[in-house]
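For the record, the sequence lines run as chains U and Y. The first sequence finishes on residue 262 if you use the numbering used here, and the numbering steps up by one all the way, no holes. The second sequence finishes on residue 307 if you use the numbering used here, and the numbering steps up by one all the way, no holes.
Just to be clear, a hint being listed does not mean it is correct.
[What the hints assert, rightly or not] Reference excerpt, derived from the structure (chain U facing chain Y, CB under 7 Å, subset only):
1. R47
2. V84
3. Y161
4. R198
5. L199
6. R200
7. A202
8. V207
9. R209
10. Y220
[To be verified] Here chain Y is said to cover these stretches of chain U; the calculated rule only asks that three of the stretch's residues, wherever they fall, bring their Cβ under 8 Å from a Cβ of chain Y:
11. 190-197
12. 223-233
[Claimed, not checked] Now the in silico label distances, taken between C-beta atoms and shown as ranges:
13. U:V145 x Y:E44: 51 to 59 Å
14. U:H130 x Y:L59: 37 to 45 Å
15. Y:A41 x U:N132: 21 to 29 Å
16. U:R136 x Y:K48: 27 to 35 Å
17. Y:K48 x U:G42: 46 to 54 Å
18. Y:L59 x U:R194: 21 to 29 Å
19. U:E167 x Y:L59: 43 to 51 Å
20. U:R206 x Y:A25: 16 to 24 Å
21. Y:A26 x U:R194: 16 to 24 Å
22. U:R83 x Y:K48: 23 to 31 Å
23. U:G42 x Y:E44: 25 to 33 Å
24. Y:L56 x U:L174: 50 to 58 Å
No wet-lab data here; the hints were simulated from the structure. Using N, Cα and C, we set each Cβ at its ideal position, and we do this for glycine too.
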Amino acid sequence: MNALRTAILRGARATPRPGGTMRGTRPGDGFVFSQLRAYVEGDDPRRIDHAATARVGALQTRVYLEETALVLAAIVDESGSMRVGRKRALTDAADEAVRAWFGALEGEDQAARIVDARVVRDRRAAPLVHANEPFRFGSALAIAVRALPRGASLLAVVDGYDLPEDEMLARAALRFDATVLLARDPWRDDLPLRGFVRLRDAESGRVRRVFVGARTRARYRDAAQARERDLHDRFRRAGWRVGALDERDGRGSLLRAFGLPA
Amino acid sequence: MSLAHPLWLVVGVALAAAFLWAAHAASRRGRASALAYSDLAFFERATKLRVDPALLITLACAAGIVALGAALAGPRFVANLPVRGGAVVMCIDTSGSMRSTDVAPSRSEAASAAARAFVDAVPDGTRIGIVAFASGAGVVQPLTDDKDAVRDAIGRIPPPNGGTAIGDALVAAARQLPPSGRRAIVLVTDGVNNLGVDPLTAAQQIGLNGIEIDTVGIGTSDSGQLVPGTAEEATIDEDALRRIAESAHGAYARANDAGSLRGRLAALANSTTREKKRVDATVPLALAGGCVLAFALAGGMLAGRFP
Chain U
1 MNALRTAILR GARATPRPGG TMRGTRPGDG FVFSQLRAYV EGDDPRRIDH AATARVGALQ
61 TRVYLEETAL VLAAIVDESG SMRVGRKRAL TDAADEAVRA WFGALEGEDQ AARIVDARVV
121 RDRRAAPLVH ANEPFRFGSA LAIAVRALPR GASLLAVVDG YDLPEDEMLA RAALRFDATV
181 LLARDPWRDD LPLRGFVRLR DAESGRVRRV FVGARTRARY RDAAQARERD LHDRFRRAGW
241 RVGALDERDG RGSLLRAFGL PA
Chain Y
1 MSLAHPLWLV VGVALAAAFL WAAHAASRRG RASALAYSDL AFFERATKLR VDPALLITLA
61 CAAGIVALGA ALAGPRFVAN LPVRGGAVVM CIDTSGSMRS TDVAPSRSEA ASAAARAFVD
121 AVPDGTRIGI VAFASGAGVV QPLTDDKDAV RDAIGRIPPP NGGTAIGDAL VAAARQLPPS
181 GRRAIVLVTD GVNNLGVDPL TAAQQIGLNG IEIDTVGIGT SDSGQLVPGT AEEATIDEDA
241 LRRIAESAHG AYARANDAGS LRGRLAALAN STTREKKRVD ATVPLALAGG CVLAFALAGG
301 MLAGRFP
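Using the sequences plus the hints, can you model the full thing?
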């Protein structure tokens, strides 16, 4: 089992279920033995296989199919505002993250990618489909809440320029093990611009000529970093696991969000 | 305003229009190479951008070209300019009737305060003299361009007492004035002449010498107030003052209170020390246009690509 899946599974176990119980503590879960694996934090101690532990020398847990099957869902912002970057577009990094996300699928796991107004459940197609309509995070979340089972693991890759109400974010975090990768402004630390430059709004196409001096760069750096902090705080308060999508490494960004080494 | 060569103005405007069109075309070409940014509204908020400096420079260049074209067209206009070497003498009435309090605090004190306002408003370089008159006329301050000296002289004006010799005051003032140049006498009085030379005759003679006399009548008529210490009613002879002014190319104005008196004299400070002159704006306009154009282009090039 790969480390990402293990981490996702741990998160899914911590997702509240109806009645306030946790997935991993529900008695009677799982009847069909699947495999033995290394013990991970949160495993039910009653599932520790002592014979296997004695053989291997480390704690081993018995895994049952029903218990480990995951529903991995993804919502990805593919709007114009994500098609920017210093060396490559943020959408490329987002694609990497999504491929890594769905790459964690195993066995009986299910995939679900919300694209436009539909849910693509095909495991092979899910990482590859792309949107044809303008992206609305709120609408995509509403579809996820309606279409996905409680306890599913949801990954959202967005830039945060079009966010739904906090209540909607909190509702999604209560229902799912929700993770968001917030696209990091490629110029968060420094604008690569000097003098008169033309900027084109990636969404609307509006062009504006601006003069970028030292003061402008300083103001922008402060504002961009403050915006990133605010966005992260907002998602954390709503109960999401938060990571930053770095345009250079989408897969690494996802792993770091789960506390794994990139 | 008139133009010696209107065609050049048309050429300037046409060149400016061509420049703006070229700048617009360059802007359209630059659109394709514009840097894509996620959310321009956020950028504008973050950097607190209010004006487009590039647009300002483009407009400054266009304005510079128009100014150069206008300069070539030879613009000339009539302006009210300070007279170099102008001279004005204030004749301030100190007769007993100026003790009247129908103008607060009294006619004489209001006249002194207004005289100071007059001095403040006169352009630097204009010479000012003060003549005080009652039963006779005396020069309190000969013509000088030292405004502080004139202000001090106003403080030395004797207290109101005696008759009113307006004609003598006009003659004394005219003697102070130089034989040529812009010259004016400002007469501040309540206007009831009762001594000395006939003021109208004196004014006509002075007017013939090219000296302007402006009169300011201070006080109220039919107020029923008496001149303090006398049984005479405080009044004002407006007709006489109007005739004096008219006979010497000047104007008459009435001041019922201290505020309006100050305003009248401040206005006279402008009208008696300035004159309308025809000005050729070619050189200043060319210099201004050239400077604007040079600074705009240099600024654009220093700051980055242009246009």
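Verification of the supplied hints:
1. R47: 47 Å, violated
2. V84: 5 Å, holds
3. Y161: 5 Å, holds
4. R198: It holds, given that the least Cβ distance between R198 (chain U) and chain Y is near 4 Å, below 7 Å.
5. L199: For L199 (chain U), the interface hint holds, since the closest Cβ of chain Y sits about 5 Å away, which is under 7 Å.
6. R200: This interface hint holds because 4 Å falls under the 7 Å limit.
7. A202: It holds, given that the least Cβ distance between A202 (chain U) and chain Y is near 5 Å, below 7 Å.
8. V207: Since the shortest Cβ distance to chain Y is 5 Å, the answer is holds.
9. R209: For R209 (chain U), the interface hint holds, since the closest Cβ of chain Y sits about 4 Å away, which is under 7 Å.
10. Y220: This hint holds: Y220 (chain U) lies near chain Y, its Cβ roughly 5 Å from the closest one there, short of 7 Å.
11. 190-197: holds (count 5)
12. 223-233: Check passed, 3 qualifying residues.
13. U:V145 x Y:E44: 51 to 59 Å: The hinted range 51 to 59 Å is violated for V145 (chain U) and E44 (chain Y), with Cβ atoms some 34 Å apart.
14. U:H130 x Y:L59: 37 to 45 Å: 44 Å, holds
15. Y:A41 x U:N132: 21 to 29 Å: 25 Å, holds
16. U:R136 x Y:K48: 27 to 35 Å: Distance hint for R136 (chain U), K48 (chain Y) holds at roughly 29 Å.
17. Y:K48 x U:G42: 46 to 54 Å: The hinted range 46 to 54 Å holds for K48 (chain Y) and G42 (chain U), with Cβ atoms some 48 Å apart.
18. Y:L59 x U:R194: 21 to 29 Å: 23 Å, holds
19. U:E167 x Y:L59: 43 to 51 Å: 48 Å, holds
20. U:R206 x Y:A25: 16 to 24 Å: With Cβ atoms ~19 Å apart, the hint holds.
21. Y:A26 x U:R194: 16 to 24 Å: Given range 16 to 24 Å: holds, Cβ gap about 19 Å.
22. U:R83 x Y:K48: 23 to 31 Å: Holds - the Cβ-Cβ distance for R83 (chain U) and K48 (chain Y), about 26 Å, lies within 23 to 31 Å.
23. U:G42 x Y:E44: 25 to 33 Å: 47 Å, violated
24. Y:L56 x U:L174: 50 to 58 Å: At 52 Å between Cβs, range holds.
Of the numbered hints stated above, those contradicted by the structure are hints 1, 13, 23, listed in ascending order.
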